[in-house]
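Undergrad: Below are the chains, spelled out letter by letter.
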Amino acid sequence: MSILGTRVLRTEDPRFLTTGGVYTEDLTDEALDGACHVFFVRSPIAHARIGRVDLSAALAAPGVIAAFSGADLADLPAIEPMMAGMLNAKMTRRLLAIDKVRFVGDPVAVVVTEDPYQGEDAVELVDVDYDPLPAVVDFDDALSNETILFEDAGTNVVVEFGNAGSLKPELFDGCEVVVSHTFGNQRVAPAPMESRAAAAVWGEDGRLTTWIPNQGAQSARDDLAKMLDVEASQVRVITPDVGGAFGAKFGADPEHAVVAWVARQLGRPARWTETRFENLISMTHGRGQRHTIMIGGSRDGDVLGYRLEIIQDGGAYPRIGAVLPFLTIMMATGPYSIPNAEAIGTSVVTTTTPIGAYRGAGRPEATAALERALDLFAAEIGMDPADVRRRNLLPPFTEPHQTAFGALYDSGDYAAALDKALEAAGYADLRAEQASRRASGGTVQMGIGVSCYVEITGGGDESGAPQENATVEVHPDGTATILTGTSPHGQGHSTAWAMIASEELGIPVENFTVRWGDTDLIPVGGGTGGSRSLQQGGAAVQQASKELIELARERAAAALEASAADLQFDPGRSAFAVAGDPDASVRLADLAKDERLFVHSIFTAPGATFPFGTHVAVAEVDTETGKAVLRRVITVDDAGLVLNPLLAEGQRHGGIAQGAAQALLEEVVYDADGNPLTASFADYPIVSATELPSFELASMETPTSYNPLGVKGIGEAGTIGATPAVQSAIIDAVAHLGVRHVEMPTTPMRVWRALVEASAQGTDSESA
Amino acid sequence: MQVELTVNGEQRSDDVEPRLLLVHYLREVCGLRAANIGCDTTSCGACTVLLNGESVKSCTVLAAQATGQDVVTAEGLAAAGELHPVQAAFRAEHGLQCGFCTPGMVMAAVSLLRENPSPTEEQVREGLEGNLCRCTGYHNIIRAVLAASGQAEVTA
Ligand code: FES
Ligand code: FES
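Residue numbers (this note's numbering), protein chains in the order written: chain A, 1 to 768; chain B, 1 to 156.
Hints may contain errors.
As the list claims (entries may be wrong) - Straight-line distance between alpha carbons at most 25 Å, and here's what the computed SDA-like set of lysine to any residue pairs gives:
{"no.": "1", "chain 1": "A", "residue 1": "Lys627", "chain 2": "A", "residue 2": "Gly738"}
{"no.": "2", "chain 1": "A", "residue 1": "Lys627", "chain 2": "B", "residue 2": "Glu121"}
{"no.": "3", "chain 1": "A", "residue 1": "Lys420", "chain 2": "A", "residue 2": "Gly5"}
{"no.": "4", "chain 1": "A", "residue 1": "Lys627", "chain 2": "B", "residue 2": "Thr120"}
{"no.": "5", "chain 1": "A", "residue 1": "Lys420", "chain 2": "A", "residue 2": "His401"}
{"no.": "6", "chain 1": "A", "residue 1": "Lys226", "chain 2": "A", "residue 2": "Lys546"}
{"no.": "7", "chain 1": "A", "residue 1": "Lys593", "chain 2": "A", "residue 2": "Gln568"}
{"no.": "8", "chain 1": "A", "residue 1": "Lys627", "chain 2": "B", "residue 2": "Glu129"}
{"no.": "9", "chain 1": "A", "residue 1": "Lys627", "chain 2": "B", "residue 2": "Glu17"}
{"no.": "10", "chain 1": "A", "residue 1": "Lys593", "chain 2": "A", "residue 2": "Phe569"}
{"no.": "11", "chain 1": "A", "residue 1": "Lys420", "chain 2": "A", "residue 2": "Lys226"}
{"no.": "12", "chain 1": "A", "residue 1": "Lys546", "chain 2": "A", "residue 2": "Ala562"}
{"no.": "13", "chain 1": "A", "residue 1": "Lys546", "chain 2": "A", "residue 2": "Glu595"}
{"no.": "14", "chain 1": "A", "residue 1": "Lys627", "chain 2": "B", "residue 2": "Gly130"}
To be clear, the hints were calculated from the coordinates, so they are not data collected in a lab.
Make the full structure from the sequences, and use the hints.
TA: Rendered as structure tokens:
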């Protein structure tokens, strides 16, 4: 029986459960003996010119070895925005700010201490003269260009994807109903439980070895080399266990480069672990878009036109966040057939923490805008939101479908996913219960949200081309090693990659060692992000394993003095045997005795894949307090064939929770002066166990032909489907009271205010 | 100052700074690094250990305060080579992904089940409210605790 598709328990777990993972802060590598400790001095002001930076008092503090300001690193190149060709290349950053600070948390200096507990006090002693400038927190303030963050750039606009002049006035001609609305897709914090960290040491050969929690050692190495102005071959990045990442640990950050620079400057190893406070103000945030939608169609429910206008907050320095509208636009019409659609986007800089990738990165925003638009349209024509969706979904297809926005959907059956989810939820019964609750007029009302999505995984984003490499080696003792260019941080690649190779080689899963995240061992790799790993990295492991069998077949033929064509490989025994003569056999492992038995292979996919599904959420809202409680989440997430249901479900659960959290409670907040108000877990309402129900997952597996495993990415489905479903359920709970929209997060205050406003409007129209 | 306490069954006596936190004592003096530090506001529970059988956030306790007491960390939970039933349930139910919250979460669960051997789902959620996990959405953690209490099927 095949091991593929079965619930194999994770081989990595016993270690995590007993001694715990070895995260960067846990490292006891002797190369790090005698390490000094780096502490960042961060701007307390959102936007200011930097005057004098006085390090003298800090230098005199106990245990302080050294202190440096931006001027000390001035000979290192300014960091250009990624994809500098596309983004405004004048919006550069220094490793430590020199002339200006542009967000609260912008690093201006470092203090280096002997002991890990001496730094926090010494940081307070660094005296920086700030000449404050107006903060730019709001989208409109940024667009007005009244205060400009980068004078050389002359504008706060980082990039435009299309422009308002290109919009077609006739887009909604012939529509009986047109609805428009502007709403936010708020900024949230990725908040992995492990903050950022680094450990760095330079060898006598002039090479840097650095340990960084990351999502791909190879891109972290390339980023570091650029920031430190050295050749990539001079840098070795090692990835310890990583305590969650969610997109925010891709590549290397300026802080990682500064730690390496300090280690070189002082000629001794250096370490850094950020506090949660630092993490919440200076690790990249996610989302941060504002949407203006217009949707039109017929009274009987055909959507004929859709327009999406996006403003993206890029934060203080353009990073991947500034590029996200590109993906949002690509996925603008989602799983629907909409004859006329257009989408444009503008990214701006603001004096806030830079925006990066966060689970879904650009696609949750597209789905949230579109699903909200469909709900508003359904409400306007008085039709059930599920019916409106079914009526407009693309028909099932198995040959790739080209969209107007340049996406090539590989395979899909969207209506089947919708129907399956509605059935699993008991949709008709839920609507009946809702009707009776409404009729009884109680204070706790119930709402149902439905969200259909299609998303893009394994595309050519930060991770590069849709390809990945793997090396599989069988050892004489019957064990095997897999080297992969992917980089797990909770996904369970050690188990999953071993399952794939085990299937081909007949070696038990527990006999595999899977290795990643050491650029000397594995110089090339795309890392883990954009839900790419299984469909490319897993496929590479399968391809390498199959090629290894063919390589071994030649050796077996020589050993058995038979023709290679007459040999059969029996995975049950992990041995080759001569057809018709089972006694003439040789074990795979024995073929590694005289000469190493390994294959390095590169798998290239024809393109990105497009998983899809439907989420249904059920929420209760107390109409007196505005408090919403999420009661149920039911999902169908079709990401092709499932390799290990245990792992796939875990990915769905985690994503659903983060997606629901965005709808319910999480938001990064700044005041008008750009001061962060959510800089600790006491203030940032990170979702806990009491705010979530258990999730109900229905399965659906439509294979893709883009890889031999038939798999698509599952890592981000949860955040893409759940956010709009949950938001919609909460609005739906009070829709009969006249509420059409509540901004995210749907806090009690916002729901209550929407109820008050709706009731005031209702009274107005009654009296009119 | 001198602290004398039992850590995972071993009697210890160490000279420490009076303001040293228990979590730093465990990690740096004892070399027990399973408990992690995930916040600076006693919000996350990644540092949870057992103090005289009850779960505490070890970032809120001074090493000095643990004098004369009995500390158990995730390292000390498993009897030689065997996972503790709560640890085994976390594995069986896939109650961990990146593992960062896990040692603290497991200790909180052990303590919860000691106080309430047959909790409802809601009681488990409430009992673990002070332990944050960013990876699992809590779903499988809750299942693991219920399974460890003998109340849930081992697989879905
Ligand atoms: S480290 Fe977060 S509660 Fe102790
Ligand atoms: S498993 Fe990653 S934080 Fe819980």
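Undergrad: Quick one, are Lys627(A) and Glu129(B) close enough, alpha carbons at most 25 Å?
TA: 19 Å, holds
Undergrad: Could you grab the alpha-carbon distance between Lys420(A) and Gly5(A) and see if it respects the 25 Å cut-off?
TA: The hint holds at about 21 Å.
Undergrad: Does the alpha-carbon distance linking Lys627(A) and Gly738(A) stay inside the 25 Å limit?
TA: This hinted pair holds, its Cα atoms lying about 17 Å apart.
Undergrad: Regarding the pair Lys420(A) and Lys226(A), is the alpha-carbon distance no greater than 25 Å?
TA: Violated. Lys420(A) to Lys226(A) sits at ~49 Å, over the 25 Å cutoff.
Undergrad: Is it true that the CA of Lys627(A) sits at most 25 Å from the CA of Gly130(B)?
TA: 21 Å, holds
Undergrad: Quickly compare the C-alpha distance for Lys226(A) and Lys546(A) to 25 Å and report which way the hint goes.
TA: 38 Å, violated
Undergrad: Given the hint that Lys593(A) pairs with Phe569(A), test it: the Cα-Cα distance must not exceed 25 Å.
TA: With a Cα-Cα distance of about 18 Å, the restraint between Lys593(A) and Phe569(A) holds, given a limit of 25 Å.
Undergrad: Does the structure keep Lys546(A) and Glu595(A) at a Cα separation of 25 Å or less?
TA: 19 Å, holds
Undergrad: Between Lys593(A) and Gln568(A), does the CA-CA distance stay at or below 25 Å?
TA: Roughly 20 Å between the alpha carbons, so the hint for Lys593(A) and Gln568(A) holds.
Undergrad: Check the hint pairing Lys627(A) with Thr120(B) against an upper bound of 25 Å on the C-alpha distance.
TA: 23 Å, holds
Undergrad: When you check the alpha-carbon spacing of Lys627(A) and Glu17(B), does it fall within 25 Å?
TA: Status violated; Cα separation ~47 Å.
Undergrad: Are Lys420(A) and His401(A) close enough, with their CA atoms no more than 25 Å apart?
TA: 22 Å, holds
Hints 6, 9 and 11, counting from the list given before, are not met by this structure.
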